[in-house]
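A.B. asks: All you need for this note's numbering is the position in the sequence shown, starting with 1, plus 22.
Possibly wrong hints are sitting among the right ones.
[What the hints assert, rightly or not] Label-pair ranges, simulated between beta-carbon atoms:
{"hint": "1", "residue 1": "Asp148", "residue 2": "Ala83", "range": "26 to 36 Å"}
{"hint": "2", "residue 1": "Asp159", "residue 2": "Pro103", "range": "28 to 38 Å"}
{"hint": "3", "residue 1": "Arg114", "residue 2": "Gly68", "range": "19 to 29 Å"}
{"hint": "4", "residue 1": "Trp94", "residue 2": "Glu72", "range": "12 to 22 Å"}
{"hint": "5", "residue 1": "Asp159", "residue 2": "Glu72", "range": "33 to 43 Å"}
{"hint": "6", "residue 1": "Gly116", "residue 2": "Tyr67", "range": "31 to 41 Å"}
{"hint": "7", "residue 1": "Gly60", "residue 2": "Ala136", "range": "32 to 42 Å"}
{"hint": "8", "residue 1": "Ala161", "residue 2": "Ser58", "range": "28 to 38 Å"}
{"hint": "9", "residue 1": "Asp159", "residue 2": "Gly78", "range": "14 to 24 Å"}
{"hint": "10", "residue 1": "Thr51", "residue 2": "Ala111", "range": "10 to 20 Å"}
{"hint": "11", "residue 1": "Val59", "residue 2": "Met23", "range": "15 to 25 Å"}
In case anyone wonders, no lab produced these hints; they're calculated from the structure. All C-beta atoms in this analysis are idealised placements derived from N, C-alpha and C, irrespective of residue type, glycine included.
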Amino acid sequence: MRVASLIHDDFEDLEFWYPTLRLREAGHTVDVVGESVGRVYHGKYGVPAESTHAWGEVRAADYQVLLVPGGWAPDKLRRFPDVLELVRAMDRDGKVIGEICHAGWVLISAGILAGRTVTSTPGIRDDMVNAGATWVDEAVVTDGTLVSSRRPPDLPAYGAALLAAIGNL
């Protein structure tokens, strides 16, 4: 499967790298998709990641999975129309979307959470609920092809749920 993993500065290092590496280890191709090709982004703890693709140039039709990391990057990502359209298209097409921690902000801005059951960092619970989602305090929640998780200690459950969702495509 081909995976698009979104990136911007101040991503939560583990929330970006853990699912990216876990999916690569499982044999999936993971493209790092940022504002431009070859740009180096830095996580909250300084770990770098270089984009291999630009979000304005990728198409949902080329991917089966979209990963949105947490940290402060989601507050930046949700400001770009190309990112929001990619999220909407992936959702419309029934593709797997993985989001963790603050990544829910991107899905809120894309307008895809109404009627969905999700989790996130408790800090954006009200935002998720106000977007029409049912929020639950669980390590990982799968609602159709949407897989959500709370924070870094939940990464093992999140990774397993992502692989299960991909296996169900």
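A.B. asks: So, against the hints stated earlier in the document, which numbers end up violated here?
C.D. replies: Hints 3 and 9 are the ones this structure does not satisfy, whereas the remaining hints hold.
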